[in-house]
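Participant: Chain B: place on chain A using the hints.
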Amino acid sequence: MMRRQVPLLICFVAGIVMLSQNFIPPLTWVYQQALEWARIISAIALFIGLISLVRVHTMKLKRKAANYRYSYVTLFALCYMIIAGFLTKYGLFVKLHAGCDTGSAWEWIVTALEKALNFQEIFLNVQIPIQATMFSLLAFYIASAAFRAFKARTFEATLLLIAAMIVMLGRVPLGQMIPGVKEITVWILDVPNTAAKRGIMIGVGLGMASTSLKIMLGIERTYLGMKD
Amino acid sequence: MTRRPHRFLRRAVLSLALPMLLFVLLVATGHAQSSAFDRPPAPVTNVALKDAPDDAGGAITISWTLSPDDAGGAMDVIGYDVRRSTSPDGPFQTVKSVPRGSSEAADETDLDSDVNYFYRVVVKDAKGEAPSVVAGPVQAKVQWFNLGRLNTLIATIIYITLLLYFIFHAKKGKKLFIRRLAGLDALDEAVGRATEMGKPILYVPGISQISDVATIASINILSGVARTVAEYNTRVIVPNYDPIVMTVAQEVVREGFLAAGKPDAYDEHDVFYVTTNQFAFVAAVDGIMVREKPATNLFIGMFFAESLILAETGASTGAIQIAGTDAVAQIPFFIAACDYTLIGEELYAASAYLSRAPLLLGSLKGQDWMKICLIGCIAVGVVTLLFGIESFRDFFETPLMIFRQ
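So the protein lines, in turn, are chains A and B. Following numbering that gives the first Met the number 0, the numbering of the first sequence begins with 0 at its first residue and continues without gaps. Following numbering that gives the first Met the number 0, the numbering of the second sequence begins with 0 at its first residue and continues without gaps.
These are computed hints drawn from the structure, not numbers from a lab. Treat the hints with care, since some could be wrong.
Claimed, not checked - Restricting the straight-line Cα-Cα distance to at most 30 angstroms, the calculated cross-link-like pairs of lysine-lysine (DSBU-like) are:
(1) B:K370 with B:K174
(2) B:K292 with A:K150
(3) B:K261 with A:K59
(4) B:K261 with A:K61
(5) A:K63 with B:K198
(6) A:K196 with A:K181
(7) B:K292 with A:K59
(8) B:K198 with A:K59
(9) B:K174 with A:K61
Unchecked claim - Just the calculated beta-carbon pair ranges, DEER-fashion:
(10) B:E188 with A:D189: 34 to 44 angstroms
(11) A:Q31 with B:G197: 45 to 55 angstroms
(12) A:G102 with B:A304: 44 to 54 angstroms
Said to hold, decoys possible - One side of the interface only, derived from the structure: several residues of chain B facing chain A at Cβ under 7 angstroms:
(13) V132
(14) V133
(15) H268
(16) F271
(17) A282
(18) A336
None of these values were measured; they are calculated from a predicted model. For glycine and all other residues, C-beta sits at the position ideal for the given N, C-alpha and C.
For reference, chain A alone in the conformation it holds in the complex (with noise of 0.2 angstroms):
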């Protein structure tokens, strides 16, 4: 019973405050002080997201599940980050550097395990350039997305098409030169377009809302894992 009621009670009576903070400015504090909660809460979380990690991992290690290699690959990922994070937040080679003879053999060493520890430089030349990588798939997919979309096969297709070549004319210069085609761009992009982005987004805004009451309410609570 405690189970379903608290966590309704809580979740209603923080609903009421939140909504109420929309209208009464004195509030305002309380929202500002459920986002630093929320900071708070996120940076725990995190430790039991990295839990679940490493446990997700292990286990496939554990029990050799297919492709489990590449779970090596993750933890050690993982392991070498937090090592190379911790000996550049806490200055460890400057300390080492200070200790050495110039040119020594150990000065070599140290420079060398700083480079390959160096957190920042880790970061900008391997993770962002392999983020960067990910990102430019889609320029490749959009062209495979858009041969799928845009086959004349429904009337509905064929207008996509038909709009969608004048839209992609009207922005190009070439395209622009032809006359009509630029202001006929402007016109779907501003006009139908947006029409239909407004119209979804009434419907959006009024089913988050409708959401948010159904919760507050305890209607909704599959979120906490309970049924009706």
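Facilitator: Chain B in isolation, oriented as in the chain A frame:
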């Protein structure tokens, strides 16, 4: 003959006087110009103080007429300092600096409500500064209601009333019609297909936090999916972008398996955290799709630029794909690459559609009525404005104007 010396003298005087006069004029003008640059700028005038409206008492708005050397004159003003004190005699401390051309500033620095504050605006140039006369007192007062949101409050009350009416109406047991949602109808078929193929189902609850209503809507759908999956003895893989969403998803999937009477079939390692880095998450999920080859991919929640990368990779593996998002910019990508797409509000209707709970269906009816009201208002507004009648549009501003006055 007698006139000649006079004429000569007059010419000589004129020829000397004109250059001298020109010289004097040039020197005088130069001096005037250099003196305009050498002296401090002329001070600002008409300093007006106003308590910032609709706030909790933490701000005062200061406005002034620009220094004559900013709006014209020497044009060498650098900027203005707004200085504050609790006494007209000072000391004044700078609380805000604004660039030249600015005639208004808001002071939001450590103001206490119901305390008298005095201000002076100091204009600065390279050679010095000139303070205005002291203005004040003014108080930063607490407003107990944000009048700027009066219209929002009225609309909110109307909407909540409509929702509550239809929710309680539904409670009485009246049958409500709900239109078919192909994407949700296909869920059973998709789970059945996965069972037949002996492959898992991949469920991605978006890449946003639990505070996002779209994520909560996704979790509601996950609840129904988990139950169906448990009934079919299939496996569901739920990779998570956010650790809090992961904990909620774990609980919901566990409850789903419990509700289906198969708690032992639940594997907590199937609902796991991946990373909070957008493209690293995409890489991980793409990897799962390519290696595990799920029979069905469900992308439901809030998505950003990664939507098409996920959906296209899924399409290349031959999986049935059902997507649902309220991110307007991502909807076309999902429509192009997925078999079924829940568009915008359909995402929020899914929970009611799947459970068919009367209370949830009632809220959908309330939503529809509010939409009818809005569509009606928009249509009437458009028509009246086309005929040059502005009174209907003004009607929506009237409550606000009445209270302001």
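Participant: Against this structure, judge whether each hint is valid.
Facilitator: Hint check:
Restraint check: the Cα-Cα separation between K370 of chain B and K174 of chain B comes to about 21 angstroms, which is no more than 30 angstroms; the hinted pair holds. Proposed proximity of K292 of chain B and K150 of chain A is supported: the alpha carbons are some 27 angstroms apart, at most 30 angstroms. This hinted pair checks out: K261 of chain B and K59 of chain A have alpha carbons roughly 23 angstroms apart, not beyond 30 angstroms. A C-alpha spacing of about 25 angstroms is found between K261 of chain B and K61 of chain A, which places the hinted pair at or below 30 angstroms, so the restraint holds.
Between K63 of chain A and K198 of chain B the alpha-carbon distance is near 19 angstroms, which keeps this suggested pair within the 30 angstroms criterion. Distance check on the hinted pair: K196 of chain A and K181 of chain A sit about 21 angstroms apart at the alpha-carbon level, within 30 angstroms; holds. A C-alpha spacing of about 17 angstroms is found between K292 of chain B and K59 of chain A, which places the hinted pair at or below 30 angstroms, so the restraint holds. The straight-line distance between the Cα atoms of K198 of chain B and K59 of chain A is roughly 18 angstroms, inside the 30 angstroms bound, and the hint therefore holds.
Under the criterion of a C-alpha separation no larger than 30 angstroms, the hint pairing K174 of chain B with K61 of chain A is inconsistent with the structure, at around 54 angstroms. Checked against the given bound of 34 to 44 angstroms, the beta carbons of E188 of chain B and D189 of chain A, roughly 40 angstroms apart, stay inside it. Separated by about 52 angstroms at the C-beta atoms, Q31 of chain A and G197 of chain B satisfy the suggested range of 45 to 55 angstroms. Taking the beta carbon of each, G102 of chain A and A304 of chain B are about 50 angstroms apart, inside 44 to 54 angstroms as hinted.
Annotation: interface hint on V132 of chain B violated; nearest CB of chain A at approximately 32 angstroms, more than 7 angstroms. Look at V133 of chain B: its Cβ only gets to about 29 angstroms from chain A, farther than 7 angstroms, so that hint breaks. Against a cut-off of 7 angstroms between C-beta atoms, the interface hint on H268 of chain B holds, since the closest Cβ of chain A lies about 5 angstroms away. Taking 7 angstroms as the C-beta cut-off, the interface hint given for F271 of chain B holds, the closest approach to chain A being about 5 angstroms.
Against a cut-off of 7 angstroms between C-beta atoms, the interface hint on A282 of chain B holds, since the closest Cβ of chain A lies about 6 angstroms away. The interface hint given for A336 of chain B is met, as the beta carbon of that residue sits about 5 angstroms from the closest beta carbon of chain A, less than 7 angstroms.
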